[in-house]
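2 protein chains.
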Amino acid sequence: MTTHRPAGVHAAWLPPEAFRAIGSRRTLVHGAGLLVGTVHQEVEQACARYGGAVVRLEPRTAGEPYDGDGTFDLVLALSAPEPPLPGAAQVPACLRGEGRHPAQPTGDEGYTLARQGGVTVVLADAPAGLLYGLFHVVRLGESAFGGDRAPELHRPAVRSRMLDHWDNVDVHPVMGQVERGYSGGSIFWRDGAPRGDLARVRAYARLLAASGVNAVALNNVNVHATETRLLTDRLGDVAALADVFRPYGIRVHLSVGFASPVVLDGLPTADPLDREVRAWWAEAAGRVYRAVPDFGGFVVKADSEGQPGPFTYGRSHADGANMLAEALAPFGGVVHWRAFVYDHQQDWRDRSTDRARAAFDHFAPLDGEFHSNVVLQVKHGPMDFQVREPVSPVIAAMPATRLAVEFQVTQEYTGQQQHVCYLGPMWSEVLGFRPWGADAPTVAAVAAGGAAYGGGAEGGGLVAVSNVGDDPYWTGHPLAQANLYAFGRLAWEPRADPVAVLDEWIDLTFVPVVSGDPEPLRSTLHAMMDGSWRSYERCTAPLGIGFMVRPGHHYGPDVDGYEYTPWGTYHFADRDGLGVDRTRASGTGFAGQYPAPWSEVYESPERCPDELLLFFHHVPYGHVLRSGSTVVQHIYDTHFAGAEEAAESRRLWQKLGAGGLVEPALHARVAERLDEQVRSAEEWQDQVNAYFFRKSGVPDAHGRRIP
Amino acid sequence: MTTHRPAGVHAAWLPPEAFRAIGSRRTLVHGAGLLVGTVHQEVEQACARYGGAVVRLEPRTAGEPYDGDGTFDLVLALSAPEPPLPGAAQVPACLRGEGRHPAQPTGDEGYTLARQGGVTVVLADAPAGLLYGLFHVVRLGESAFGGDRAPELHRPAVRSRMLDHWDNVDVHPVMGQVERGYSGGSIFWRDGAPRGDLARVRAYARLLAASGVNAVALNNVNVHATETRLLTDRLGDVAALADVFRPYGIRVHLSVGFASPVVLDGLPTADPLDREVRAWWAEAAGRVYRAVPDFGGFVVKADSEGQPGPFTYGRSHADGANMLAEALAPFGGVVHWRAFVYDHQQDWRDRSTDRARAAFDHFAPLDGEFHSNVVLQVKHGPMDFQVREPVSPVIAAMPATRLAVEFQVTQEYTGQQQHVCYLGPMWSEVLGFRPWGADAPTVAAVAAGGAAYGGGAEGGGLVAVSNVGDDPYWTGHPLAQANLYAFGRLAWEPRADPVAVLDEWIDLTFVPVVSGDPEPLRSTLHAMMDGSWRSYERCTAPLGIGFMVRPGHHYGPDVDGYEYTPWGTYHFADRDGLGVDRTRASGTGFAGQYPAPWSEVYESPERCPDELLLFFHHVPYGHVLRSGSTVVQHIYDTHFAGAEEAAESRRLWQKLGAGGLVEPALHARVAERLDEQVRSAEEWQDQVNAYFFRKSGVPDAHGRRIP
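Chains E and X, in that order, give the protein sequences. Everything in the first sequence is counted per the numbering used here, starting at 17 for the first residue and increasing by one. Everything in the second sequence is counted per the numbering used here, starting at 17 for the first residue and increasing by one.
Keep in mind that the hints are not guaranteed to be accurate.
[Unchecked claim] Some, not all, of what chain E presents toward chain X, calculated at C-beta under 8 Å:
hint : residue
1    : Gly67
2    : Ala589
3    : Asp590
4    : Asp702
5    : Gln703
6    : Arg710
7    : Lys711
8    : Arg720
9    : Pro723
[Said to hold, decoys possible] If you anchor each label on the Cβ, the simulated ranges turn out as follows:
hint : chain 1 : residue 1 : chain 2 : residue 2 : range
10   : E       : Arg365    : X       : Asp259    : 35 to 45 Å
11   : E       : Asp513    : X       : Val190    : 45 to 55 Å
12   : E       : Asp259    : X       : Pro189    : 32 to 42 Å
13   : X       : Gly719    : E       : Glu616    : 36 to 46 Å
14   : X       : Gly719    : E       : His718    : 33 to 43 Å
15   : E       : Ala663    : X       : Val190    : 28 to 38 Å
16   : X       : Glu692    : E       : Gly24     : 50 to 60 Å
17   : E       : Arg365    : X       : Arg667    : 16 to 26 Å
18   : E       : Pro582    : X       : Gly466    : 53 to 63 Å
19   : X       : Gly67     : E       : Pro582    : 52 to 62 Å
20   : E       : His718    : X       : Arg367    : 39 to 49 Å
21   : E       : Pro582    : X       : Gly162    : 57 to 67 Å
22   : E       : Arg291    : X       : Gly192    : 50 to 60 Å
[Unchecked claim] Sample of chain E residues with no beta-carbon within 12 Å of chain X, all distances over it, derived:
hint : residue
23   : Thr581
24   : Tyr707
25   : Phe709
Hints listed in this document are in silico derivations from the structure and should not be mistaken for laboratory results. In this text, a Cβ means the ideal position worked out from N, Cα and C, and glycines have one as well.
Same shape as in the complex, but just chain E (with noise of 0.2 Å):
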């Protein structure tokens, strides 16, 4: 029996006790192929534990009965199996041969649930669906094998659902294992070579696939040396991690660096009109899916931050996007070419170049320029991962280009997994976001793509960067691994309430093992995880303006810390006010770039939203917000509020106490991570606090005191 947990690592929202509502009973699964066999081997597991028992059924021609006639509570079955399956008077009549709904087809990795006559039926067309479908009746627990249950159609929103590991295969000197890793090394690599522990990369998949995800990308976007020979001879790690990957159906993805054809080749050039370049990444691609038959493709990040990339040769992205996918497209594999491009060498005095706008400026002119299997991978925001941003405007203007939205999961700016800070609230609020106003498609619409786009181009899917590293309890802190979760399953369905998606991830992980009622366990990680965005919000930059973090590792506060570099991140904060004034009446014109009724909205500075005001307007600290209150006393009071916040979150956690309700390691960890949450979260209020204090001159209006 293959050990779906490594020894002393945590089983996160997969712990053997999630199933035993399925190991205690009998369950027929039929199909055949690769995920077929991983449902089964999973129920098998299941029921060795709990006493149960499992029938596989391989598929067979029609009118050839089944042997037997089982009883079973459970029906895990590719659909219209035909021959009927034995025990078939037990399936229910809506789901028996044509019983399903015909004009709802399950696609790739839907799959049907319902529960009638005292039978749970899973239905799906494809191996994916089922093994999907699986998890599905495996989060309901016993509650899947109560009353019936009318037949529910399940399908993701997004085809796919990606995560980035900038994972390096060498340790970088400054970035390390893992750029902007902050749960220890790579599980994929160890100082240049392979990890090797596909047991843990196993269980990796296993989780994913438990949440949705169906696409990784091994390795950095800031392709390095050795990095760059993923493509050669290092490709057989790729295909050792792509076979542990398969069975989970998820496919592995590679970052390039677009200058490959020097670096590996010595070609002159990386000029993507050139014949020979173009016939070099044909071969390149060629190779990959000789070794990888079912790869997903390429992902780049060019011209960007000192990466190479198209405009050294004098030719567009579309240019260089199109060329891979060319290479790419006899195999069916894609190009993420990421939209992060900006001018990362400003002048700070230059208050005219607007790092906001570089994205839509570099790629709305290209809009229908791509191929089809570009995707365009555009950060959720303008900036880059910050607590508050407003929605990039990227995501509206490119109704000819398949769009993929990009989040991150890896904790960069919100907290580095030191800090509580459950990312599924901001997800969800820019996943239900209408660039067009009410009634319009949102962000989740535009990334579906197709008819949930009203007939825009194909949906890229949305892509997070990965929060996962060698670290036993996978994400640092343990309660980080929520976020990924929450990923996985808004991914899947971006409308599901992200509180509700908390709720399943502590049922899933903490309920089955605890000993004695959940509820103060469950109590207290929502009153600690429900609002902590929010929270870290108030502690760190205020109302949208983002970065006022130390340079270099991003973690802590350091309000001029990029004040007067080259990164196109200010504030602009004087003696009088602060903020950066984007409207198009007497700004560098972003706002503009936002279709109506947007574009109006954030150019007012009345309309436009608190939580965005100085990411759209430099206002006085007296001036007064929509709330009521001025900005200055917001920005006293927010601060004040999130390091109470933070104290509160540690004393609930220390009333918790270790023992039935969380093991004492894990109870641990996360109390030592509250101890420098608390103490951050006083530092970012007396650094932010004194700063605006000694700038504006205005007392806080409470008293409070302020170093």
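Put chain X on the given structure of chain E with help from the hints.
Frame of chain E, contents of chain X only:
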């Protein structure tokens, strides 16, 4: 013949051409011993090039007359040779035998120089004096052989003139091969092993001897694991270097870690009062002296910035230093114990703790407790080698302690050898400072000790952190060689005019190799260098406040870079004013650490010198300086001026051009650094001005552009 200049390495202030006057004449070298051999070799080498001749005579016993009766232009002789030298008639009467001032022995390193009857004579009591006398003649060049010259006695003002190398044996992951090194790698170490380029070390030793330095510490005061082993299995590396320095009269010292007995031999403690620990150090010292009989001693940074020290064991710094002193005493070694002890984990909110106070608070109460072979090594200012600081009050507080004053030749805070910043005038100011007011001893007198110090303790000398690396120009910026030269010369003669010293350096380094009139070169260099320290001061943090640099590497402006950190280096700028109140009346009381009259001068914002105003006082932006300018206008004016001066330096250098006056490679190296200096000075100008304009709201009186 020894090659004195390794291939590809700049000759600095000892080009072969500087020996033309000697090398084309007839010289007699008289005396025995290693250093007399060095003198002979130097002259011999010059003669080989320029056609002169040298005769070497070993001393003979009285009554055994010398052979021959040569005629010499130059006599370099150990004093009072008996029987009289051949050609004795040519030796000026005043120097013949008893002729030299019996009341003024030359001592270990001094010499008497005179010219009479067509013979230039250098007499010395000891071989080192003969070597220093030779280099004096080199400096004089042709003028050494002009008209008569009355006897001059030259003796170094301080006994110990030492360079500390902050070189790591192993490359440190953050600090590199040389901590705060701006001249490439170490000339001693590379990647954990000796570099093995002893020709380079020999060339370095020769340069140092010509400047007057007589001691070198071979490794960083931050002693890491590998460096600890210089005391044990790596002792051979030390002995090999000592062998190269010895012929130039330079002793080697080692920085040692206080915890060495624990680190190296697993002793349970490094408590300085522990019997085993004391035995360990005695044994270690014995081992070192068996390998290097003229070893200088230990340098120790204890209880400072994370280094271990006696505080760990509840012992005083006197306990710690005296233990090492006892170990070294039998062999004549000394301990250089650094007074750089402060709390580097200070809370920035706490305005009562003052890093400037720390050295005095820690060490002044220990005056009289240190053994006589302990030298307390005190940084010249109370902070850390800022471009402007008051003189450290520790220097005036410990009359019963042997004190060394420490400078920083490496330009950590003064432009990092990217900027021209000739530090001679700063050191000269410090050395001539009279802590007890007019007519009382100077700082130089304290470092000299004994009679100079009015009968105080013996002096500890002058120490500086080296700026040398494996760069072909030794110091990165070729003009930074002047700082190395000036340190040695000012340590020998603190009353020397630093501009005259600069002139000496120009006359040695450039003039001998110039084709054509050297005046344009000389005047250009003086225009660029004479005032460059004050120009750098104008560029950077104003009015003595210090630290407005990028944390970590300390290059370039970051006004708030250290403002909210634990390092104790603050400016407290708010919308009304800036500066640190260090008065007794209302501040940290630091001003009270000085004796009168300075305690009163610094206490008063009216009497405090402008250049230190913000070090001692927090004042409004509108405060009128003694110069008549307001503080904020002074900030603007100096920063505009500093940037303009950098541009003017570049113009002058460009005008000078490459070719006959300056070799093209050197010209290009300086030109490239000047480009960076101009860029950096503009960045300083704009950041500092923008920062204070944003904060104060006061416009520039002259309407210049502040971004």
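task = Enumerate the violated hints, using their earlier numbering and listing them in ascending order.
result = Failing hints, ascending: 1, 8, 10, 20, 22, 23, 24 and 25.
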